[in-house]
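The task is simple: from the sequences and hints, build the whole structure.
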Amino acid sequence: MTRKVERPGKGQQGVARSFEHAYRGMISAVRTQRNMRFHVVVAVVVLVASLLLGVSKLELAVLVLTILLVFVTEMFNTAMEFIVDLAT
Numbered sequence: 000m001t002r003k004v005e006r007p008g009k010g011q012q013g014v015a016r017s018f019e020h021a022y023r024g025m026i027s028a029v030r031t032q033r034n035m036r037f038h039v040v041v042a043v044v045v046l047v048a049s050l051l052l053g054v055s056k057l058e059l060a061v062l063v064l065t066i067l068l069v070f071v072t073e074m075f076n077t078a079m080e081f082i083v084d085l086a087t
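With numbering that gives the first Met the number 0 applied, the sequence shown corresponds to residues 0 to 87, in that order.
In case anyone wonders, no lab produced these hints; they're calculated from the structure. Check each hint, because a few of them may be wrong.
[Said to hold, decoys possible] Taking lysine to any residue and the SDA-like style, the derived pairs with C-alpha atoms no more than 20 Å apart in a straight line are:
no.	residue 1	residue 2
1	K56	V45
2	K56	L67
3	K56	A42
4	K56	F75
5	K56	V44
6	K56	I66
7	K56	V43
8	K56	L46
[Said to hold, decoys possible] What follows is a set of in silico ranges between Cβ atoms, one per label pair, in the way DEER data are often shown:
no.	residue 1	residue 2	range
9	A15	R36	46 to 52 Å
10	T87	T65	31 to 37 Å
11	G13	L50	33 to 39 Å
12	V54	I82	34 to 40 Å
13	V40	M79	19 to 25 Å
14	A21	I82	16 to 22 Å
Glycine residues also receive a C-beta, built at the ideal position from the N, C-alpha and C atoms.
Here it is as structure tokens:
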């Protein structure tokens, strides 16, 4: 009979670490990437405008998901550019 061995970094501590790394990655991207700073500014403007215009909760949720998708896409694009720069 085999026992399941717990590895470090699993469970709640592992999830907390994952969020910490994701947060640090976002901060690093904002600090080092001009386009990411632009996206953050536009996201803040859009969210403030949506609150002032009184959009519904569903519309606000769609806006937030769209903004997050833009952030993820921008970071993926930056990673791909970095890989191409390393290869050339």
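Are the Cα atoms of K56 and F75 separated by 20 Å or less?
violated, 28 Å
Holds or violated: K56 and L46, Cα atoms, limit 20 Å.
holds, 12 Å
Return holds or violated for the Cβ distance of A15 and R36 against the range 46 to 52 Å.
violated, 27 Å
What's the verdict on K56 and L67, does the C-alpha distance respect the 20 Å limit or exceed it?
With a Cα-Cα distance of about 16 Å, the restraint between K56 and L67 holds, given a limit of 20 Å.
Can you tell me whether the CB distance of V40 to M79 sits inside 19 to 25 Å?
Once the Cβ atoms are compared, 23 Å apart, the range 19 to 25 Å for M79 and V40 holds.
Holds or violated: K56 and V45, Cα atoms, limit 20 Å.
holds, 14 Å
Within 16 to 22 Å or not, the Cβ separation of A21 and I82?
holds, 20 Å
Could you check the hint for me, namely that T87 and T65 are 31 to 37 Å apart, CB to CB?
holds, 33 Å
Tell me if the straight-line CA distance from K56 to V43 falls inside 20 Å.
holds, 17 Å
Honestly, do V54 and I82 meet the 34 to 40 Å range at C-beta?
holds, 38 Å
Sort out whether V44 lies within 20 Å of K56, counting only the CA atoms.
With Cα atoms ~17 Å apart, K56 and V44 stay inside 20 Å; holds.
Lying within 33 to 39 Å: is that true of the beta-carbon distance G13 to L50?
holds, 35 Å
Comparing the model with each numbered hint stated earlier shows that hints 4, 9 do not hold.
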